[in-house]
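**Q** One letter stands for each residue in the lines below.
Protein chains: 4
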Amino acid sequence: MIATPVIIVNFKTYEKGYGAKALSLTKILQKVAEDTKANVAVAVGPTDIKEISHESSLPVFAQHIDAIGYGSHTGYILPEAAKEAGAVGTLINHSEHRLRLADIEECVRRAKEIGLITCVCSNNLGTSKAASLLYPDFVAVEPPELIGGDISVSRAKPELVKGTVDAVKAVSPEVKVLCGAGVKNGEDVRKALELGSEGVLLASGVVKAKDVEQAIRDLVTGMV
Amino acid sequence: MIATPVIIVNFKTYEKGYGAKALSLTKILQKVAEDTKANVAVAVGPTDIKEISHESSLPVFAQHIDAIGYGSHTGYILPEAAKEAGAVGTLINHSEHRLRLADIEECVRRAKEIGLITCVCSNNLGTSKAASLLYPDFVAVEPPELIGGDISVSRAKPELVKGTVDAVKAVSPEVKVLCGAGVKNGEDVRKALELGSEGVLLASGVVKAKDVEQAIRDLVTGMV
Amino acid sequence: MIATPVIIVNFKTYEKGYGAKALSLTKILQKVAEDTKANVAVAVGPTDIKEISHESSLPVFAQHIDAIGYGSHTGYILPEAAKEAGAVGTLINHSEHRLRLADIEECVRRAKEIGLITCVCSNNLGTSKAASLLYPDFVAVEPPELIGGDISVSRAKPELVKGTVDAVKAVSPEVKVLCGAGVKNGEDVRKALELGSEGVLLASGVVKAKDVEQAIRDLVTGMV
Amino acid sequence: MIATPVIIVNFKTYEKGYGAKALSLTKILQKVAEDTKANVAVAVGPTDIKEISHESSLPVFAQHIDAIGYGSHTGYILPEAAKEAGAVGTLINHSEHRLRLADIEECVRRAKEIGLITCVCSNNLGTSKAASLLYPDFVAVEPPELIGGDISVSRAKPELVKGTVDAVKAVSPEVKVLCGAGVKNGEDVRKALELGSEGVLLASGVVKAKDVEQAIRDLVTGMV
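Chains as they are written, first to last, in numbering that gives the first Met the number 0: chain A, 0 to 223; chain B, 0 to 223; chain C, 0 to 223; chain D, 0 to 223.
Extracted from the complex, chain A is given alone in its bound form:
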């Protein structure tokens, strides 16, 4: 398992998030992680898993795996292939890549079978609880009120995150909750942890930052 609290940085398909630029970005995050002893992981596109896993010491997550096994599947991401390429874990059901319930269940089961850490994303209290009963390692909740706007965890009503953490823990005490929206700075990270989450999943705040090093340095201040 990955140590917590953790910051997972999702590179998405941002212009600075793939290929050689993704590796450079990872190196900056790695430096700050080493300096500060903070747990930082990256979630990268499938074509970059292998290189970044080999060239960096940060844990690498796939952004997605498909609910498939060996066989006649073309253009899908075989869990075993993500693993062999060097991924230690995978996001599942990201808000930009919603899956059918049956496929989430199969992805979690298959990932566990081969030793990938699982982080299922969910969009509200109901789906967070349901997802936690599939027993992934993490559930990353994205309270709708916190997505995409200016509202951040530290300024929003605390029950938004705490309510989900409590509900998930009531159903599946082993499942760790990540805060998947509304995290913009160290203060938000601190608040997210204080509310019971064991880390954050974020993207643009780091990847699109003018000064990536400064952005991640600020975020990790919330973890100590």
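The set of hints was computed from the structure by calculation and includes no laboratory data.
No false leads were mixed into what you were given.
Since the list gives no way to pick out one identical chain from another, each pair is judged satisfied if it fits inside one copy or across any two copies.
Okay, derived cross-link-like pairs now, BS3-like style, lysine-lysine, Cα gap no bigger than 25 Å in a straight line: (1) Lys36 with Lys209; (2) Lys111 with Lys20; (3) Lys111 with Lys15; (4) Lys183 with Lys30; (5) Lys26 with Lys209.
Following the hints, complete the assembly by docking chains B, C and D onto the known chain A.
**A** Then chains B, C and D, alone, in the frame of chain A:
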């Protein structure tokens, strides 16, 4: 552009088609291609594009790209990422990964924009003609009568492939047609080319062969 | 709410399951339901909801609703439209129409909002538990071992159904479980109820029966 | 076939577009169609096809059919069911319901087989040409520049519509083109026809109009 006639070997997510085994497989194909001067390309999973492109001299195709650009997309295959990883081309709309018409059009357009060779798969005469009007480099037709059974091109009625070739050429003379089903041996390759196609797309006949080298050696005999 | 135990007959898109033939079929089921006081409901295609609701006294379920509201949606099934047409409930996430987790949650929530009974289908223990945390009225489980073969509930190992019933009840005691596979005759119905389910969801055993009346008469014998 | 020029009004899932309100709306359109001898058709949700077909004299289109036949399909729209319910035609691949190329082809083929008029929607020049090679009765083009904004056909550059009409006619002279975006008033209808289209497909301009009768009366002035 890739030289024709060409054999594109689709590794799918076969047990021998990803990771270290995919590289070994590619090396065997490369050796035969070099020995015989035959044009052979491989279509590999996204996690393997980078390594196989760098470690092999064979042209590498992505098995799929997504109809997206830079931005907030998680777990999808950015065309630019496939290209930077080393792909020279991509399959689009494989029978195991059917796309919406609007996405096929966008994939072809985006792939051309960044210099990826495009091979759109289609399932019958109607969709082959429609696909050819999107002006990909190749249309790979899979006549339903030839999929999955024992019937092969060389033994089937010649009009199955010839009819599609003629229809595509009537609409888009520049588009090259590949035979995407019913090719099991060198005699099938020879017949496919004789009927007007400029190559073949196949998978299990090579990847799942007991003796891969022998399988590909036999196939290329049909190209000379 | 609908009275239980209940037999829900899914008409699918069987040749005898739509239009005028669907109405005739419903009339036969209605007659047997009236004769025997058994609770029988039908799940019909969207184009037939209105007529069958008006011409029959049996409760009518939609086979599916979409996770949408009023607005710019073309060719989808608005929950309000199913309701106004006369549906009293709806299947959600049938094995032939799997939905994304987020959409299942929204379908259940929207259906409740407007007063439709909800029956979420699920494929195994994990997804049944997860689905039950979305608090539908029913979860219809289809133990994979019982689908499509000759094995029926009454002959299979009892723990297949009982395990799911117990797991669902442990998580969501209010949720009723239906047995969604392996029910071929009255003895299977009896066994399914004995194992803790509160009804069955079935299709071909009735709709494709040579003698529909005899088939439903046999099934309802298991309910008394 | 339906007489042209034609105005097809898509009711979508607007609040006023389903159930009893949909029938009232249709009656208003019917009255204006009868008064003016204009060809007006409606595209309604699946639950409303039967009633509106029986209660109104206007031609009724399904908003969508699925690429399926008789069999084990739950919650999908069987083409035969739409037909038996009274639909004379169907939209296919609407911008809010994009389909895979293989499914568009099958929908068109199946619809023709059972005598439904087909109107395939497309989003640009490339997909319009491709769609026209599947030989539907109509291709409804939605030039992206005309969607959703204030720009209308009569004020936009004429080549936007004319270019598509010419391209489609060059490939499939029998296919009629409808203008599927940018039509807000009678002047737009007049312009759309002048540019070579044989009708328009529109939605909110009628269904969400404060005064539906006035809106449709204005639109039909462009047809004479």
